[in-house]
Structures are given as structure tokens and as C-alpha cells.
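A.B. asks: Now for the letters of each chain:
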Amino acid sequence: MAGALVAPLLLFLAVNFLLPIALMLFRSVDDPDVRAIMPQTTAALAMWDGRDLPPATVATLMIGELDAARGGADLSRAANRLNYDINGFRSLLLKTARNLPAPGDGDALQALVAVDPRWGQTKTWAAIKRAAGPLTGFFLLGALDLKQSASGDIQSVGAERAIFVKVLGRTLWIGFWVTVLCLALGYPVAYLLATASSRIANLLMILVLLPFWTSLLVRTTAWVVLLQKDGPVNGLLHGIGLIDEPLRLIFNRVGVYVAITHVLLPFMILPLYSVMKGIGPTTMRAAVSLGAHPFLAFARVYLPQTVPGITAGTLLVFISALGYYVTPALIGGADDQMLSTFIAFYTNETTNWGMAGALGGILLVITALLYAVYGRLAGRAGPGWA
Amino acid sequence: MDGWTSAARGEVAWRQVFRFYCGLVFVFLVLPIAVIVPLSFNAGSFLTFPMPGLSLRWYEDFFTSPKWLAAVYNSFGIGAATTVLATTLGTTAAIGLMRLKPRARSVLGAVILAPLIVPVVITGVGVYFLYAPLRLTNNYIGLVLAHTVLAIPFVVLTVSASLHNVDGSLLRAAASLGASPVVAFRRVMLPMILPGVVSGAVFAFATSFDEIVMGLFLAGPTQRTLPIQMFNGVREEISPTITAAATLLVLLSIALLVTIEMLRRRSERFSAKARPS
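Protein sequence lines, in the order shown, are assigned to chains A and B. Its first residue numbered 1, the first sequence is counted upward by one per residue in our numbering. Its first residue numbered 1, the second sequence is counted upward by one per residue in our numbering.
Rather than coming from a laboratory, the hints here were simulated on the basis of the structure. Note that the coordinates shown come from a computational prediction; the quantities given were computed from them, not determined experimentally. Idealized CB from N, CA, C, for every residue including glycine. Mixed in with the good hints, there may be bad ones.
Heads up, simulated SDA-like pairs for lysine to any residue below, C-alpha to C-alpha not over 20 Å straight-line [said to hold, decoys possible]:
#, chain 1, residue 1, chain 2, residue 2
1, A, 277, B, 264
2, A, 277, B, 50
3, A, 229, B, 50
4, A, 229, B, 44
5, A, 229, B, 251
The following residues of chain A were derived to be distant from chain B, with all beta-carbon distances above 10 Å [said to hold, decoys possible]:
#, residue
6, 20
7, 21
8, 121
9, 135
10, 140
11, 149
12, 151
13, 284
14, 303
15, 311
16, 318
Produce the entire structure from the sequences given, and follow the hints as far as they go.
C.D. replies: As C-alpha cells, then:
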């Protein structure tokens, strides 16, 4: 009976939530496109050690298979996949398929080099070997700015193509500062709410809950308006004589910190408040009456009791901040985009779904690890909802 | 004596600094709303203060623009469908969960709450990969299904909380008096958990109404919701019509917040009455 009541929801989530995530993770290791048009070439390249150019027999196989695939959509897909690895490979493959040397006309490899000299470079063939599939580490390695060379060792993709480690670092860095800001702004407010008389606390709570309930897009739009060059914030600072020239507050990191902190601040205040509400005023009073300075009493008696709230709030804010997409997209500049922006970019703009899957997988693993920490710590503090 | 008064004076000064600091944080919290609402009544076309005069021209613009009106219909339609689906699935599941053994309950509970924790961009990409070959992108059904995934945790949480307050002996009493399980549910349990169910429904609606990331992945030009329309507006060029849209959304948020608060008080009174201690 109980199982039958839960089953429809579980089935719904299995199809519309778990399956999509599994699909995304599978995309990050799935590599069928090149194999689809040249199964024999890729099989032969698997035997190649990657040091010198592959033997002419491989070139003969590829010419035959490219001939069979000419003009089809599969060829275009394979060309796109190779282009993810080496810029310009798409046009190289399509051009070669259009100008295939006649079979059995001397050395097939030399004939290919005559079509385009890039066929005379080992890195061209190494890219095909990397794309041999059916499963690949190419996207996951790529998400960490790494690649596998033709001889099998793992190396850096080179400074000009390395971006993702930087983006990942930036994502964690923004998350860290947003968390610090939320704690610095939220802790005193939660304390005020927990210690004020209930009439005042209820009124002030509305000021926390109203933005919490307001649409994310409304708040982001409002910050765009507030922070623009001739917007109210610059106007106010100019009016009271603090600045002469308008400050640049938007399309940079300042705007991103301000807007994300604003959105996540209630997530810090609410758990802190609920923990502080459970702490009686008596322990602090006792410490003070025993001669402790109020600051000392706060630091040694009150603060330790609020640690569960601090842990819950900081992890909640940090985990949420890591996944931010819309706010940096609207308020940040090109150097403030976080991991999610790139996931969306590879899904919608370039349809490099393997890369989107790999970056999504990394974000998912980080989130899951942090949530496990959260569960461990929160579980120690008290039973959860279930 | 002197030392004591200076310490007391120091404490008063600190208290004032503390209150001033908290005041600034509250200003920070309400500043966006406090600025965007008056700007929507601006007679001029620049989003700056001081305003040259008051007018309703941006509201007129909003309510006569086919794009914004289509977004309003889409948001309410998708929100309503999501609310029905999420509330039905979530309420049934919450009742079932309550009767499971604690171990099964905590495992299934974790699965049901997961959409709340997994970054929406990840769920969005996965759903896009699944729906694209099924032609569920650029499609209302796809958006409703995706929004329902995100809304379900809120329904299960609020209904579970209200079930927690239900006195099991009332159900047993109904059964012993001959009520079938269906009748006992409808006549005894449902009235008791109704505030929780309605709160869950309001949360589900608010989730769908505010959702943007799934929308950016799945919606085509005909499915644009209010948040998507605002996103595009901010991206291209902010026109003051956006401030009118934002103000209307703030009003809606206040209405939802008040509804939730009233329901919470009602259910608190109810459980206090149901279980005199």
C-alpha cells in the first residue's frame, strides 16, 4: 500500500531526473561519431604506437571509408568531433573527402599528404586515434585541460587551449567569497532576529523573507539597474561627495558578488536564526555575571553553540553559489562566467555535448561531495526531515 | 565605579554600532525592490533618479505588448499545470513515505529531495539531452515535466511536515467506526493536512513561476515565460517596461508569501487544537 503510493513519484523522477543525469554522464564518455564512418581505420590506429606516421595501409583504409561516407550526415558529425580536438580538422576532413586520391595509386599516405600536408603530421592521426571510441576519456580529460597523446601518456593541452581549470578555480573562488560575505552580513542579523522582541523580530523577518520570495530575475534586473554607470548607487555616492567619476560596478566581479550575495543571504540567515532561537540567554548572562567581558562571553559561550547553524548556512550558500548561471550571465563580464555558463554554452551554442557532459559531471561530483559533508555534519546536529 | 560606567558606556556604543550594521544589511536586502518599484512609475524613459514625473505608461506598454502578454499566459499556464502534477504526485508520495520503514523512508527521501541539491543547470542539460530526440523541447509538455521535477521536493517537504502533526489515533478511530481507507483519508486526514497540501501547491507554483534555467534550455520562442522574457530584455537593452513587469512579480510574491504565512498560522492553530497537552 505504502509502496504503491510512492511509486508514481519515483517513476516520474526516474524518467525525468535520474535518467537525464545518467544520460549527461554517459555523454561525457560516449564517442561514437568517428568510429561510425571509419571502423577499420580506427581499429588499425589502435595498433599504432604514435611515434612515427602510421603505415600506408591505414591511409588506404581511411581513403576507402571516407569514400563510402562522402556527402552523408555521418561524415559531418565525425568532422565536428575531430574539430573539438584540433581546430580546422572539420575543413581538413571535408576537403580530403572531396579530393580523395584514387585507390591503388602508389603510397596512399603520400597521396593524402599531397591533398593536405597536415596528413603528414603525427598529431593529425593522433586526434583520430583519440576519437576512436566507443568510450573515451577525451572530454573528461579536456574538462581538466588534459589530453592523451598518441603514445598514451597524459599531458597538458597547452596554454592557449587551457581554460577549464581556471574556470573551475574561479567558480570555487566566487563561491568562497559569496559565502564569506553572507556569513559576515547574515550572522549579526540572525542574532538580532533571535534576540529581539517577537513583535520586532516578526517585522524584521518580513524584510528577509520578501527578497527571498521575490523572483530571481526581478532581483537580478534590479541590481543591473542599481549598479549601472549612471544608476542610483553611483548617483548616491556622487551626491554625498565620495566619488567624482562613476565607479564601474557592473559587468565585473563586484556586480557578481553583490548580486549573488543578495540572492543567497536569506539561506544563511534562516538556518543561523533557527539555531540561535534555540539558545537561551541564560548561558551568556551567567558567563558575564561570573566576570567575563561581554566579548569574551560571546566568543567562548555563544559562538560555539551557533556552529551547527554556521555549518549549515555556509555549506548551503557555497553549494548553491557553485551552480549559478543566470546572475553571472546578466551581471558579470566575460572573465566572471562560472562553470554553469560553459555547460550551457556547450549544450546550446556549439552542441559539443560531450564537453557539456564532462563539465556537468565535474560540477555534480563537487556538489555531491559537499552535500555528503553537509549531511554528515547536519546529521550529527539532529535528525533531518525524515 | 568609574570603570563600570565606562564599560557600560562601551557596551551601549557597541550595541549602537551593531544596530547600525544590521540596519545597513536590511537596507541591502530590500534595496532592489525599493528601487525597482518606484522606477516602474517613472514618466521618463531613463532608469535613473530623480524621476521627471509619475506615469503608468510602462504598465500600459506591458499590458499592450503581445510579447509580454504571451509570457504572462505561458507563465500562468505552465505554473498551473506544474502545480497540479507536482501536488498530486508529491502528496500521494508523502503519505506513502510516512508509512514506510525509517530506512526505506530516508533513502527514498534523499532521491526525492535531490532535485533541490543538484545544480539546475545539470538537470537542465540532462533533460535537454533526453527531451531533444523525443521532440519535447520547444514544447509545453517538456517544460511542465521539467518544472515538476524541481517543484516536487517542496510539495513532499511541506506535506510531510503537516502529516507529522496528524494524530494517528483519529485515523484508527475512523477505521474502527467502519470508515474505509478512502473515506478515512477524505473525511479525516485530508482536512487535517490541507494547509500543508495548499502550502506545497503554492511553493510548486512559485517554483515554476520563477524558474529560468530549464526554460532557457527547453523553451522555444512560443513558450517564453516571464523570467525568460525578462532575461532576454536585460540581455538586449533594459527598457522601463521590465520594471513594470518586475513590480507586478513583486506583488505576486507578496501575495504568495502572505498565503503561505496564513496557512502556517492556521495549521499551527490546528495542531495545537488537535493535540492538547
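A.B. asks: Decide, hint by hint, whether the structure agrees.
C.D. replies: Hints, verified against the model:
no., hint, in the structure
1, A:277 <-> B:264, "holds (18 Å)"
2, A:277 <-> B:50, "violated (42 Å)"
3, A:229 <-> B:50, "holds (15 Å)"
4, A:229 <-> B:44, "holds (18 Å)"
5, A:229 <-> B:251, "violated (28 Å)"
6, 20, "violated (3 Å)"
7, 21, "violated (5 Å)"
8, 121, "holds (34 Å)"
9, 135, "holds (17 Å)"
10, 140, "holds (15 Å)"
11, 149, "holds (29 Å)"
12, 151, "holds (33 Å)"
13, 284, "holds (13 Å)"
14, 303, "holds (15 Å)"
15, 311, "holds (16 Å)"
16, 318, "holds (12 Å)"
Against the hints set out earlier in the document, violations occur for numbers 2, 5, 6, 7.
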